Amino acid sequence: MRQLVNVGSSGDFTRFMIAIAARSGELLNYSSVAQEIGVSVDTVKRWLTVLQTSGIVYLLQPYGNNHLKRAIKTPKVYMLNTGLMAYLTKWLTPETIQNGAKSGQFFETFIVGEIIKSFHNQGQEPPIYFYRDTNQKEIDLLIEHQQMLYPVEIKATANPNKKMAAAFNLLRNTLPANELGIAHGTIINQYPQKIWLAENLVAVPAAYV
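Positions 1 to 209 (my numbering) are the ones given, in order, by the sequence shown.
Just so you know, these hints were derived from the structure itself, not from any lab.
Keep in mind that this is a model prediction, so the values were computed, not measured.
Just so you know, not all the hints are guaranteed correct.
With a straight-line Cα cutoff of 25 Å, these simulated BS3-like cross-link-like pairs (lysine-lysine) come out [to be verified]:
| no. | residue 1 | residue 2 |
| --- | --- | --- |
| 1 | K194 | K163 |
| 2 | K73 | K90 |
| 3 | K162 | K194 |
Just the calculated beta-carbon pair ranges, DEER-fashion [what the hints assert, rightly or not]:
| no. | residue 1 | residue 2 | range |
| --- | --- | --- | --- |
| 4 | S31 | Q193 | 27 to 35 Å |
| 5 | L197 | G100 | 24 to 32 Å |
| 6 | S32 | N135 | 21 to 29 Å |
| 7 | N169 | S31 | 30 to 38 Å |
| 8 | R70 | A198 | 21 to 29 Å |
| 9 | S10 | H184 | 19 to 27 Å |
| 10 | K163 | G123 | 22 to 30 Å |
| 11 | L197 | G11 | 22 to 30 Å |
| 12 | H184 | S32 | 19 to 27 Å |
| 13 | K90 | H120 | 27 to 35 Å |
| 14 | N81 | G11 | 16 to 24 Å |
| 15 | Q124 | H184 | 18 to 26 Å |
For every residue, glycine included, the Cβ atom is placed at its ideal position computed from N, Cα and C.
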């Protein structure tokens with residue numbers, strides 16, 4: 001790995017890995033990472049490209065559509081191995097991961113990673129995106145399949161509710177039905193059974209992924 005990225009200092013690259021792991025599931029700010037570890041933005045971009053091609057991280061692109069005027073255009077970064085993420089961020093026990101301040105971040109990273117792997121195992125590039133706008137409305141995942149968009153929220157809770165999917169209505173109210181259909185929404189959570197929260201909203205356990 002060191003030869004691939006042409007690292008002058010192994011300490012810099014280690015700090016880079018830690019910085020990326022700590023930001024898993026967040027919008028990627030190259031300047032913030034570069035400033036934190038003391039290297040250039042170009043270096044961060046080069047190192048991140050190597051991590052992408054090595055299957056260590058994944059850049060989730062924002063969903064783009066001319067009708068969604070307020071959508072941001074910054075990708076989110078995800079570690080594809082939560083074990084490596086835990087090691088780098090020093091969250092080293094199941095108890096701290098499950099109950100600590102980063103529990104939601106770990107859960108989301110795990111679910112997104114499993115979905116990505118499921119597409120890769122079928123020889124497909126994942127047709128997945130996320131949505132966030134300048135009003136802070138967000139949808140964790142949008143899966144595009146056969147001219148349909150499947151909105152997905154990922155919540156580390158065993159008590160899913162309809163309010164968690166409030167942003168789904170933004171798509172239904174904004175995107176023309178003749179361009180792309182909006183399928184039923186899904187909340188992936190930690191409740192052990194599949195339950196329908198509304199006619200077009202289902203909560204499914206993480207084990208379904």
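Please write out, lowest number first, the hints stated earlier that are contradicted by the structure.
2, 4, 9, 10, 11, 12
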